[in-house]
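Peer 1: Residues per chain are reported as follows:
Protein chains: 2
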Amino acid sequence: MNLNSMNETPMSSRMAIGLFGKRNAGKSSLINALTDQSVAVISDVAGTTTDPVYKTMELLPIGPVVFIDTAGLDDTGELGLLRIEKTYEVLRKCHFAIVVADIETGITDFEEEFIDQLIKRKIPSVFVLNKADKGCPAPEEIEALKKSLKIPLSFTSVYNGTGIKAVKQMIIDHANYEDVEPALVGDLIDSGDMVVLVTPIDKSAPKGRLILPQQQTIRDILEKDAVAMITKEHELKHTLESLNKPPAIVITDSQAFLKVSADTPADIPLTSFSILFARQKTDLAEMVRGIKRIEQLAPGDKVLIVEGCTHHRQADDIGKVKIPRWIRQIAGCDIDFHWASGAHYPKDIGEYAVIVHCGGCMLNRREMQYRVHTARQKGVYITNYGMLIAYVQGILSRALEPFPAAKLALEENQLN
Amino acid sequence: MNLNSMNETPMSSRMAIGLFGKRNAGKSSLINALTDQSVAVISDVAGTTTDPVYKTMELLPIGPVVFIDTAGLDDTGELGLLRIEKTYEVLRKCHFAIVVADIETGITDFEEEFIDQLIKRKIPSVFVLNKADKGCPAPEEIEALKKSLKIPLSFTSVYNGTGIKAVKQMIIDHANYEDVEPALVGDLIDSGDMVVLVTPIDKSAPKGRLILPQQQTIRDILEKDAVAMITKEHELKHTLESLNKPPAIVITDSQAFLKVSADTPADIPLTSFSILFARQKTDLAEMVRGIKRIEQLAPGDKVLIVEGCTHHRQADDIGKVKIPRWIRQIAGCDIDFHWASGAHYPKDIGEYAVIVHCGGCMLNRREMQYRVHTARQKGVYITNYGMLIAYVQGILSRALEPFPAAKLALEENQLN
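If you read the sequences in order, they're chains U and W.
In this text, residue positions in the first sequence follow full-length UniProt numbering: the first is 1, and each later residue adds one.
In this text, residue positions in the second sequence follow full-length UniProt numbering: the first is 1, and each later residue adds one.
If we strip away everything but chain U, and leave its shape as in the complex, we get (with noise of 0.2 Å):
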């Protein structure tokens, strides 16, 4: 009985700022600081030893955020290489890094290496200097420090509360709002346009709620000051006859992707949810090219079916089952399959010939594309569940009309 739970912001629509730093740097009363001033909306993600704690809050006028505590990155051992291997996954899907130092030991060779990797990943970061209470360095120290770093640098304390609200506002002028989540539609539309959305009530939604991705989608819509319809499949052609001028799109589940087809004039723009949410994600031309790539698969050639989450029972059966067994009939002969869950990605990705990842509902943009870029850098090609249902029902080229590049990736007969 949770109201917060039940009425958050989906983590993957949040804002990411992970804390880095050695042990001891006071990363932990840092982040609790830094979300103190509103208890209420603070919550723990439990974690295992080497797994980072999430804490979420809102931090106006950015919105919803999720500080990220990683482990110390000086960790030894065979247990602090797995944290450090932790803590560089969380850095994929950081928009925002603080680093993080206590003031008696200073800024060493190591933060000055990683504010290096943060600048190669173009990540937004700040510099603070904890623990300041036990004393700050002279005015004169604190200029040449600030010339010497690449970064911006705060003063901090916990115990005293110096700095806290320095660092938030540090986090307000440096982060990158845009780079935290798309529009799922708004750009497609116009103030004013209609919008019709088709969502077959299927026994498996809750009662009385709707899924997330529709409501996404209609927030999506109404903050655009367009209009949302939603209609069950065999009322939307009476749905369309209803309006005096056509929708501007009309966006349906998959599963009823041939019905709604059927209903909706050629000249009205039709895709679905799961195009508009690979489109969010990632890059619809690249899901494309991963299509056209299993067309070509050989046999015995390997393909790693990738799950974002551990949890999801639906999910297994999908994966575990369904797409192989698509795969397997798009490509015509045997394949070698792998998977991979959760939030750990395989490092060593260059031996599969395509990855077939999840909508990706719990995992963030930046982790997504940082899926999508790697696996291109090594020749592999990628692409997803929803593009891959949508291909198999025969509904691909109409689902991605209103995307003229995705279009035409899936209408070029070379793969580059």
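Hints are computed from structural coordinates only; laboratory data are not their basis.
There may be inaccurate statements among the hints.
A pair holds if it fits inside one copy or across any two, identical chains being indistinguishable in the list.
In silico lysine to aspartate or glutamate, EDC-like type, Cα no more than 20 Å apart, as pairs [to be verified]:
{"id": "1", "residue 1": "K407", "residue 2": "D267"}
{"id": "2", "residue 1": "K207", "residue 2": "E178"}
{"id": "3", "residue 1": "K207", "residue 2": "D179"}
{"id": "4", "residue 1": "K207", "residue 2": "E223"}
{"id": "5", "residue 1": "K237", "residue 2": "D190"}
{"id": "6", "residue 1": "K259", "residue 2": "E223"}
{"id": "7", "residue 1": "K237", "residue 2": "D263"}
{"id": "8", "residue 1": "K232", "residue 2": "D187"}
{"id": "9", "residue 1": "K245", "residue 2": "D193"}
{"id": "10", "residue 1": "K122", "residue 2": "D173"}
{"id": "11", "residue 1": "K237", "residue 2": "D225"}
Given chain U's structure and the hints, the job is docking chain W onto it.
Peer 2: For chain W alone, kept in the frame of chain U given last:
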């Protein structure tokens, strides 16, 4: 990052099934056995020693249910009395009761009296003799017992699994589905109708989500094979103009009622989300009489302000500050305000002139109706926040147009 809680059916929309009996009758292990088949959808809600424990599951074809494990009814001592009181509080919201006794102890006066209470309250129920692995009575004894019992009988053993399925089937056979949650708007519309929902997107709604009342209303519309149009208040006029025929009804957030009322032609029925929820949970005409009673309050009259939950900061501001201010303004005199919150509802309400209740989003219909019923039995009038807000804003009359009985109650000169 719990996917389940993000998409769970609200507790108040579930069929509530209480387990009652002496301590050590095996209630807790019976609940575990009843819910075991679908471990993945069970969730434990933490309780204190005196609070009942809730376990949710899908029980098809009923749908979402919640099993409530109550403390032993024969508890002794001061804490024991508190537990018994809590148990009777649970009974108020139960749609179904399972009375459990240890087969070795058998049925005693105690269970028979409790069964009489259930019959008096018209709560469908079964009697379960548990721990049947310890030995079952002879067939003729069972027949005699069945004849003397006023409710169906079953035998269970958690130890060897006997009878667990049968008890579930008895719930399915004897429960009253309609009792759980009547239509929100479904009975006001026909299939194919267009319903316009006006939802200001305020900053308090979490990014990427729709608030629960909006989700529930959209679901209810779709389940009636009708079409929901979602618009912000500024696009309403344009939205209505884009339709070939007027919508069946316009439903708005109370915040935007005045603008929406101005933009909605008088021949189109218009109401608010809060009026719909008040109607679903209680009796609109009674709520209207409560408002009219506030007009007649005399100096020093006692008013009780009740909130169904304890963890909603915003509601606190409404209940503690705004509601008293409005009541003072309507009554034109000083009032003696009292407050109650959480599941514990005061037993002695006879001293109050009016009870003003929150919307009760965390309470189910049975519990809300119990509160209305007991108030009226004692000559106490009752109304709710949404109704009071609508009255203060001067919109109550129009918002009640679709509900003739409530409208009539508003127009009557005499309270009854």
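Peer 1: Work down the list of hints and note, for each, if the structure agrees.
Peer 2: Status of each hint after checking the structure:
Only within a single protomer do K407 and D267 lie at most 20 Å apart by alpha-carbon distance; the minimum there is 16 Å, versus 47 Å between protomers. In this assembly of identical chains, K207 and E178 lie within 20 Å of each other by CA distance solely across copies; the values are 14 Å between and 34 Å within a copy. For a Cα distance limit of 20 Å, the shortest separation of K207 from D179 across copies, 15 Å, qualifies, whereas the shortest one inside one copy, 34 Å, does not. For the homomeric pair K207 and E223, the shortest alpha-carbon distance between copies (10 Å) is at most 20 Å, but the shortest distance inside one copy (26 Å) is not.
When the C-alpha separation of K237 and D190 is checked against a cutoff of 20 Å, the pair qualifies only between copies, where the shortest distance is 17 Å, while the shortest distance within a copy is 23 Å. In this assembly of identical chains, the alpha carbons of K259 and E223 lie at most 20 Å apart only when taken from different copies (19 Å versus 29 Å within one copy). Taking the closest pair of Cα atoms, K237 and D263 come within 20 Å of each other only inside a single copy of the chain (6 Å); across copies the shortest separation is 28 Å, beyond that limit. In this assembly of identical chains, K232 and D187 lie within 20 Å of each other by CA distance solely across copies; the values are 18 Å between and 25 Å within a copy.
In this homomeric assembly, K245 and D193 come within 20 Å of each other (Cα to Cα) both inside a single copy, at 10 Å, and across copies, at 18 Å. With identical chains, the CA atoms of K122 and D173 are at most 20 Å apart within one copy only, with a shortest distance of 16 Å there and 62 Å across copies. Taking CA atoms no more than 20 Å apart as the test, K237 paired with D225 passes between copies only; the shortest distance there is 13 Å, against 24 Å inside one copy.
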